[in-house]
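Trainee: Next come the chains, spelled out residue by residue.
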Amino acid sequence: MRPNGAVHGQSGVVQRAGAEPLGTLIAKPPGEGGEILSPEDSARFRRERRLEEVDARRRAAEADTRGTLIAQDPTAGGQILSPEDSSRFRRERRLEAVDARTRAAETRTLDTLIAQGPDAGGRILPPEARGKRTERAGKVAPPTPASQERDRLEKIAAWELQVKAQPIFEAARTLGEQAGLSNVHKPPRLPGLLASVKELWAAGKYGEVIADGPALQLLAQQVVDADRMLASIHERYAELPPSTDQKFGVYRKNMDTWLAAHAAKPWEQQIHSDGLPKINNKMIEYVSTIAGRRETEARGEAAVVRARQEGRIAADGTIIDRKEIATFATQEERQAITDALGALAGGQRDWPGKWGEDHGNHEGRLPGTPGAGNYREYYVRKGPQHAAPGPRRFCVNRSGKVFYSNTHYGTSGRPAFWAIRGW
Amino acid sequence: MGHPASLARMSVVSCVSAEHRPALEAALRTEGYALLSLDGTEVRDKLSLFRQAARDVLSGQASPPSSWDGLLDSLWQALAARDETAVAILWNDAQQMLEGGLEDLLVASRGLADVARQVATTEHGFPREVTLRVFLLGAGPNFPPFPREPARFR
Numbered sequence: 062m063r064p065n066g067a068v069h070g071q072s073g074v075v076q077r078a079g080a081e082p083l084g085t086l087i088a089k090p091p092g093e094g095g096e097i098l099s100p101e102d103s104a105r106f107r108r109e110r111r112l113e114e115v116d117a118r119r120r121a122a123e124a125d126t127r128g129t130l131i132a133q134d135p136t137a138g139g140q141i142l143s144p145e146d147s148s149r150f151r152r153e154r155r156l157e158a159v160d161a162r163t164r165a166a167e168t169r170t171l172d173t174l175i176a177q178g179p180d181a182g183g184r185i186l187p188p189e190a191r192g193k194r195t196e197r198a199g200k201v202a203p204p205t206p207a208s209q210e211r212d213r214l215e216k217i218a219a220w221e222l223q224v225k226a227q228p229i230f231e232a233a234r235t236l237g238e239q240a241g242l243s244n245v246h247k248p249p250r251l252p253g254l255l256a257s258v259k260e261l262w263a264a265g266k267y268g269e270v271i272a273d274g275p276a277l278q279l280l281a282q283q284v285v286d287a288d289r290m291l292a293s294i295h296e297r298y299a300e301l302p303p304s305t306d307q308k309f310g311v312y313r314k315n316m317d318t319w320l321a322a323h324a325a326k327p328w329e330q331q332i333h334s335d336g337l338p339k340i341n342n343k344m345i346e347y348v349s350t351i352a353g354r355r356e357t358e359a360r361g362e363a364a365v366v367r368a369r370q371e372g373r374i375a376a377d378g379t380i381i382d383r384k385e386i387a388t389f390a391t392q393e394e395r396q397a398i399t400d401a402l403g404a405l406a407g408g409q410r411d412w413p414g415k416w417g418e419d420h421g422n423h424e425g426r427l428p429g430t431p432g433a434g435n436y437r438e439y440y441v442r443k444g445p446q447h448a449a450p451g452p453r454r455f456c457v458n459r460s461g462k463v464f465y466s467n468t469h470y471g472t473s474g475r476p477a478f479w480a481i482r483g484w
Numbered sequence: 798m799g800h801p802a803s804l805a806r807m808s809v810v811s812c813v814s815a816e817h818r819p820a821l822e823a824a825l826r827t828e829g830y831a832l833l834s835l836d837g838t839e840v841r842d843k844l845s846l847f848r849q850a851a852r853d854v855l856s857g858q859a860s861p862p863s864s865w866d867g868l869l870d871s872l873w874q875a876l877a878a879r880d881e882t883a884v885a886i887l888w889n890d891a892q893q894m895l896e897g898g899l900e901d902l903l904v905a906s907r908g909l910a911d912v913a914r915q916v917a918t919t920e921h922g923f924p925r926e927v928t929l930r931v932f933l934l935g936a937g938p939n940f941p942p943f944p945r946e947p948a949r950f951r
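As you go down the protein sequences, you meet chains A and B in turn.
Take any residue in the first sequence, count from 1 to its spot, add 61: that is its number in our numbering.
Take any residue in the second sequence, count from 1 to its spot, add 797: that is its number in our numbering.
This is chain A alone, in the form it adopts within the complex (with noise of 0.2 angstroms):
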């Protein structure tokens, strides 16, 4: 209540309690010395009020065209609006409000909540409020859709490349430890390269770690096979005989050379040559040429073993294998050993040619003492391709042993003799 009865509101028309209307109160506080207009001054501060209000739509929608409308509180100093402007501005308002609040639930942190100040459609804040809001502002770029798409991508694709190149670090890092496994293939860039890789994956230089990876991977690797092949010719080296062996030594010889030659040269030829494989090669022909040949030595030792017991050893140390009759080639011939045979187990004395005459065993080709003879010789029937009297020959022992020659005692090929009756 006014101390002159004046009902006061903020604005409209001021009336006396009972009384008729007195003109119209100027839009101003109550403190600021509002006063009562005469009608010609009330109509005149109507007309003025409707050309401001026409005014003002006009400007607001000229603000409107250019997207900078702007909620002020009247109380603030901010325009009155037309209905349709203001329920508009409210409506587009409520929209940025919701939208705001969106994003600030998005990202859950205070840092980047984002200081809009009244320009930019934010809350109206008191003035402590608003110069903290300033000071957050001026450290976090507020965040946009774009931008937070932008970082989102960003850290996808980090992710993908970490989980390429964690096979790649961790492949590289354990090809590496067994590269160090050698003395002798050490190539200076490998430890190097391993180092980088380490720290590049703890500094989380994913892309560089894929970058160097496959390289490491490679040269690990290649250290590795070489480690492995020098490894495996160490191994069969400790096979070979010692170099003063008369056979064998020359085998241990030329390894130390080759292995001497290897181990000078510069480790990336160490690797990437194809001296190693060729050592290699080698190591395995000579091992393989002792193992058949010590095969043979123990067949050989067996054999003369049993063939000294059946008295089958020649002067000359040759073995005197034993044949069986059947297995001779021809019929011919197995039908003339078995003549042979028959007539000498029958004691028969008029067979043609040479028949229970002394044999010299002169060349050592039977067992026994070359030239004491202590042998009997017996022609046995030559084949049809033969000139007479053909090569085949019966030698027997004093105790009956038949050894049977078909190339005349070794003139026309080997053997001398065969064992063929009394083992």
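Hints are not guaranteed to be accurate.
A partial selection of chain A residues facing chain B, derived with a Cβ cut-off under 10 angstroms [said to hold, decoys possible]:
#, residue
1, G414
2, K415
3, G417
4, L427
5, G432
6, Y439
7, Y440
8, R454
9, T472
10, S473
Example chain B residues on the side facing chain A (calculated, C-beta under 8 angstroms, incomplete) [as the list claims (entries may be wrong)]:
#, residue
11, S860
12, P862
13, S863
14, S864
15, W865
16, D866
17, G867
18, L869
19, Q874
20, V904
21, R907
22, D911
23, Q915
Since the hints were derived computationally from the structure, they do not count as laboratory data.
As the structure is a prediction and not an experimental result, all values here were calculated from the model.
Even glycine gets a Cβ: it sits at the ideal position worked out from N, Cα and C.
Go by the hints and put chain B onto chain A.
Mentor: Chain B in isolation, oriented as in the chain A frame:
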């Protein structure tokens, strides 16, 4: 002029001076020996002997024997194929075997003596009895003259 009495005193395998070859051959012919010459000009060891024997003694045998037993058996066959009952083999330049081939010469001498014994009888299939003698002709003190002087007795 030969000296049959001198031949009778000589071994199956004997050494004679090459200078006395004519006298030896005359004596052998007188005794009815067929003469086989073994040219020892190139014979210095076992293998060269095998080759030369195949040409000169074994009737041109296609391939030379590779062993003493083969050589001696081939000689046995060669003698069996002949008609003579007395055969003399004259091996000239035999002194060459004394320079590195002595052991082979000893084996040859032993083997030839074996064959001479084998062909002297038909007991073991040889077709007739044959007298075989071998003369090593050479130069030097190992090869005495022919005929040899009879032994002096006190």
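Trainee: For every hint, state whether the structure bears it out.
Mentor: Structure-based check of all given hints:
1. G414: Nearest chain B Cβ about 6 angstroms off; hint holds.
2. K415: Cβ of K415/A sits 5 angstroms from chain B, so the hint holds.
3. G417: holds, 5 angstroms
4. L427: With a closest approach of 9 angstroms, the L427/A hint holds.
5. G432: With a minimum Cβ separation of about 6 angstroms from chain B (threshold 10 angstroms), the hint on G432/A holds.
6. Y439: Holds, because the Cβ-Cβ distance from Y439/A to chain B comes to roughly 9 angstroms (cut-off 10 angstroms).
7. Y440: Because about 7 angstroms separates Y440/A from the closest Cβ in chain B, which is inside the 10 angstroms limit, the hint holds.
8. R454: holds, 8 angstroms
9. T472: OK, holds: T472/A within 10 angstroms of chain B, min 4 angstroms.
10. S473: The hint holds - S473/A has a Cβ within 10 angstroms of chain B, the shortest such distance being about 7 angstroms.
11. S860: Holds, about 7 angstroms.
12. P862: Status holds, d = 5 angstroms.
13. S863: holds, 5 angstroms
14. S864: Given a least distance of 4 angstroms, the restraint on S864/B holds.
15. W865: holds, 4 angstroms
16. D866: holds, 5 angstroms
17. G867: holds, 4 angstroms
18. L869: holds, 7 angstroms
19. Q874: holds, 6 angstroms
20. V904: holds, 6 angstroms
21. R907: holds, 6 angstroms
22. D911: OK, holds: D911/B within 8 angstroms of chain A, min 5 angstroms.
23. Q915: holds, 5 angstroms
The structure is consistent with each of the numbered hints, conforming to all of them.
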